[in-house]
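S.K.: Protein chains in written order, with this note's numbering: chain A, 1 to 267; chain B, 1 to 203.
The set of hints was computed from the structure by calculation and includes no laboratory data.
From the three backbone atoms N, C-alpha and C, an ideal C-beta is built for every residue, glycine too.
Treat each hint with caution, since some may be false.
[Said to hold, decoys possible] A few chain B residues facing chain A, derived, Cβ under 10 Å:
no.: 1; residue: Arg9
no.: 2; residue: Leu11
no.: 3; residue: Ala13
no.: 4; residue: Ala31
no.: 5; residue: Arg40
no.: 6; residue: Ser43
no.: 7; residue: Arg47
no.: 8; residue: Gln57
no.: 9; residue: Ser65
no.: 10; residue: Arg86
no.: 11; residue: Met89
no.: 12; residue: Leu132
no.: 13; residue: Ala135
no.: 14; residue: Ala141
no.: 15; residue: Arg142
no.: 16; residue: Ala162
[Claimed, not checked] Negatives, chain B to chain A, calculated, CB over 10 Å:
no.: 17; residue: Asp10
no.: 18; residue: Val12
no.: 19; residue: Asp14
no.: 20; residue: His172
[Said to hold, decoys possible] Across the chosen pairs, the derived CB separations fall in these ranges:
no.: 21; chain 1: B; residue 1: Arg17; chain 2: A; residue 2: Asp213; range: 44 to 52 Å
no.: 22; chain 1: A; residue 1: Ser33; chain 2: B; residue 2: Asp72; range: 19 to 27 Å
no.: 23; chain 1: A; residue 1: Gly141; chain 2: B; residue 2: Gln138; range: 49 to 57 Å
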Amino acid sequence: MSTHDDSLARAFAPVRDIEPDEGLVARVVAQVSRKKKAPRRFALAPSRLRFALQALMVLALVGATLYSVPATLAAIEETGGSVGDVFSGWLGGDHADAPGTPLGSGEAAPEYLYDHYSAKEPRVIAEAGGYKLYAYIGASGGLGFDLGDTGVGMGFESAAELGDAPLHVLGPGAIQHADSQGHVPLFGIAARSVSSVELTYASGPPLQVSEVDGGFVLLAEPSRGPIEVIAFDASGKEIGGQLVDDSSHPGPQIDWNSYAPSGSPEP
Amino acid sequence: MDTEPSEIRDLVADQVRRFRQGDTDAAEPLARRALRISLRTASALMRSREDAADVAQEVAVDVLSSLGKLRDPEAFDAWVHRITVRHAMRRLKKGRSTRNIEVPLTLLDEEGLLGAIPNSDIDSQLTARRALVEALSQLPARQRAALALRYVHDLSDAEIAAALGCRVGTVHALLSRGRKALREDHQLVEVSLDLKEGNHVHP
Numbered sequence: 001m002s003t004h005d006d007s008l009a010r011a012f013a014p015v016r017d018i019e020p021d022e023g024l025v026a027r028v029v030a031q032v033s034r035k036k037k038a039p040r041r042f043a044l045a046p047s048r049l050r051f052a053l054q055a056l057m058v059l060a061l062v063g064a065t066l067y068s069v070p071a072t073l074a075a076i077e078e079t080g081g082s083v084g085d086v087f088s089g090w091l092g093g094d095h096a097d098a099p100g101t102p103l104g105s106g107e108a109a110p111e112y113l114y115d116h117y118s119a120k121e122p123r124v125i126a127e128a129g130g131y132k133l134y135a136y137i138g139a140s141g142g143l144g145f146d147l148g149d150t151g152v153g154m155g156f157e158s159a160a161e162l163g164d165a166p167l168h169v170l171g172p173g174a175i176q177h178a179d180s181q182g183h184v185p186l187f188g189i190a191a192r193s194v195s196s197v198e199l200t201y202a203s204g205p206p207l208q209v210s211e212v213d214g215g216f217v218l219l220a221e222p223s224r225g226p227i228e229v230i231a232f233d234a235s236g237k238e239i240g241g242q243l244v245d246d247s248s249h250p251g252p253q254i255d256w257n258s259y260a261p262s263g264s265p266e267p
Numbered sequence: 001m002d003t004e005p006s007e008i009r010d011l012v013a014d015q016v017r018r019f020r021q022g023d024t025d026a027a028e029p030l031a032r033r034a035l036r037i038s039l040r041t042a043s044a045l046m047r048s049r050e051d052a053a054d055v056a057q058e059v060a061v062d063v064l065s066s067l068g069k070l071r072d073p074e075a076f077d078a079w080v081h082r083i084t085v086r087h088a089m090r091r092l093k094k095g096r097s098t099r100n101i102e103v104p105l106t107l108l109d110e111e112g113l114l115g116a117i118p119n120s121d122i123d124s125q126l127t128a129r130r131a132l133v134e135a136l137s138q139l140p141a142r143q144r145a146a147l148a149l150r151y152v153h154d155l156s157d158a159e160i161a162a163a164l165g166c167r168v169g170t171v172h173a174l175l176s177r178g179r180k181a182l183r184e185d186h187q188l189v190e191v192s193l194d195l196k197e198g199n200h201v202h203p
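Required output: the full structure, derived from the provided sequences and hints.
M.R.: Right, dumping it as structure tokens:
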């Protein structure tokens, strides 16, 4: 150990011997005995997709104050743009500022996206493995997303509700949309400062997606235990991230085990 | 040092198996172990003892509630480290605590340990801890976590990589950048020099 390591070790020394008090132990034991974990599923019946999307829009509006996206200190302090900035201009009428590309008239997409009353100006924000992330302006002027025509969608009253972070993971597709290799699409949107994203796993190498332009679709492998989506700027500097494991943190609490019935993540 | 003898690891693994089979008596020792690991890490990362205790409690509850996902019962400590990192980073990312800034050394007071340390040593350690906490607070969350796992638990690069969910090469980079930043922190450098010279340093 170097001299500097010695100094750091000495600085950390006071916390190396801390023991929890009995009250804390008792509280944990009591809490565990009461805790019941409910499974979380996103799958919706396709025939009810449009109604469900509208309902999800309302739920998202109600729950927006409870659903805050964690941002790294680096993201808060060092980046000039947020994910909300990507969509604010477009929602404000600046079509030139819109992310992605307009949905083509003959392009395969959920039928409701061609209903100009409920979904205005639909756009494709990102695409991977045949899954497209769609964004549109809702009937009330809010922002809507369709996650790859998997039966999952969500809405926000304004771009500001997307938060100040450079990254916002929207969620995965429904379980029945896993491909033949067991990959499940994981959708998200990103600030303009984000040029690439990386999905880290409990085991094995991360999945990297470059050329991010406002959004991303990651073909996640649930059996490897997805942990976090990390955002990088053009220089490769980490500027933000969001946990996507199944622990009880804010964000899409994804029960990856339900997507990977044949195995669970291990340390 | 958290590298445990094999018999302790076996004992913990046995407690994990018993807990999974419904033996409620196994909950307390597992909760205590999870709390010990997570509280030490969180105390190095958080700016208040309340935040550290909150994180430790969340971690312990999460660990015991998710033990069904732990394929290898002997990997209990690694499981705790990983969940601790998740919770601590989430807390750090959520923003600065609204609680009063308090150096985690005050936790020692609850154990009655401070009374055994001369006042001058307490002062120097408090100063060192305060400088460290302030220096760490300027670093990205993952660098902080990597440094804490190395210097609080003596984890190897591979073990830190498992806890952070990244590659070993990334751990090298995180530790290197973190050490470099701390070396450039003038206040911490001064404190470290005092410690190196043996001024009021508690062994």
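S.K.: If a hint holds in the structure, say so; if it does not, say that too.
M.R.: Cross-check of the supplied hints:
no. : hint                              : verdict
1   : Arg9                              : violated, 13 Å
2   : Leu11                             : violated, 17 Å
3   : Ala13                             : violated, 13 Å
4   : Ala31                             : holds, 4 Å
5   : Arg40                             : holds, 5 Å
6   : Ser43                             : holds, 4 Å
7   : Arg47                             : violated, 12 Å
8   : Gln57                             : holds, 6 Å
9   : Ser65                             : holds, 5 Å
10  : Arg86                             : holds, 5 Å
11  : Met89                             : holds, 7 Å
12  : Leu132                            : holds, 4 Å
13  : Ala135                            : holds, 9 Å
14  : Ala141                            : holds, 6 Å
15  : Arg142                            : holds, 7 Å
16  : Ala162                            : holds, 6 Å
17  : Asp10                             : holds, 17 Å
18  : Val12                             : holds, 13 Å
19  : Asp14                             : holds, 18 Å
20  : His172                            : holds, 14 Å
21  : Arg17/B <-> Asp213/A: 44 to 52 Å  : holds, 49 Å
22  : Ser33/A <-> Asp72/B: 19 to 27 Å   : holds, 25 Å
23  : Gly141/A <-> Gln138/B: 49 to 57 Å : violated, 41 Å
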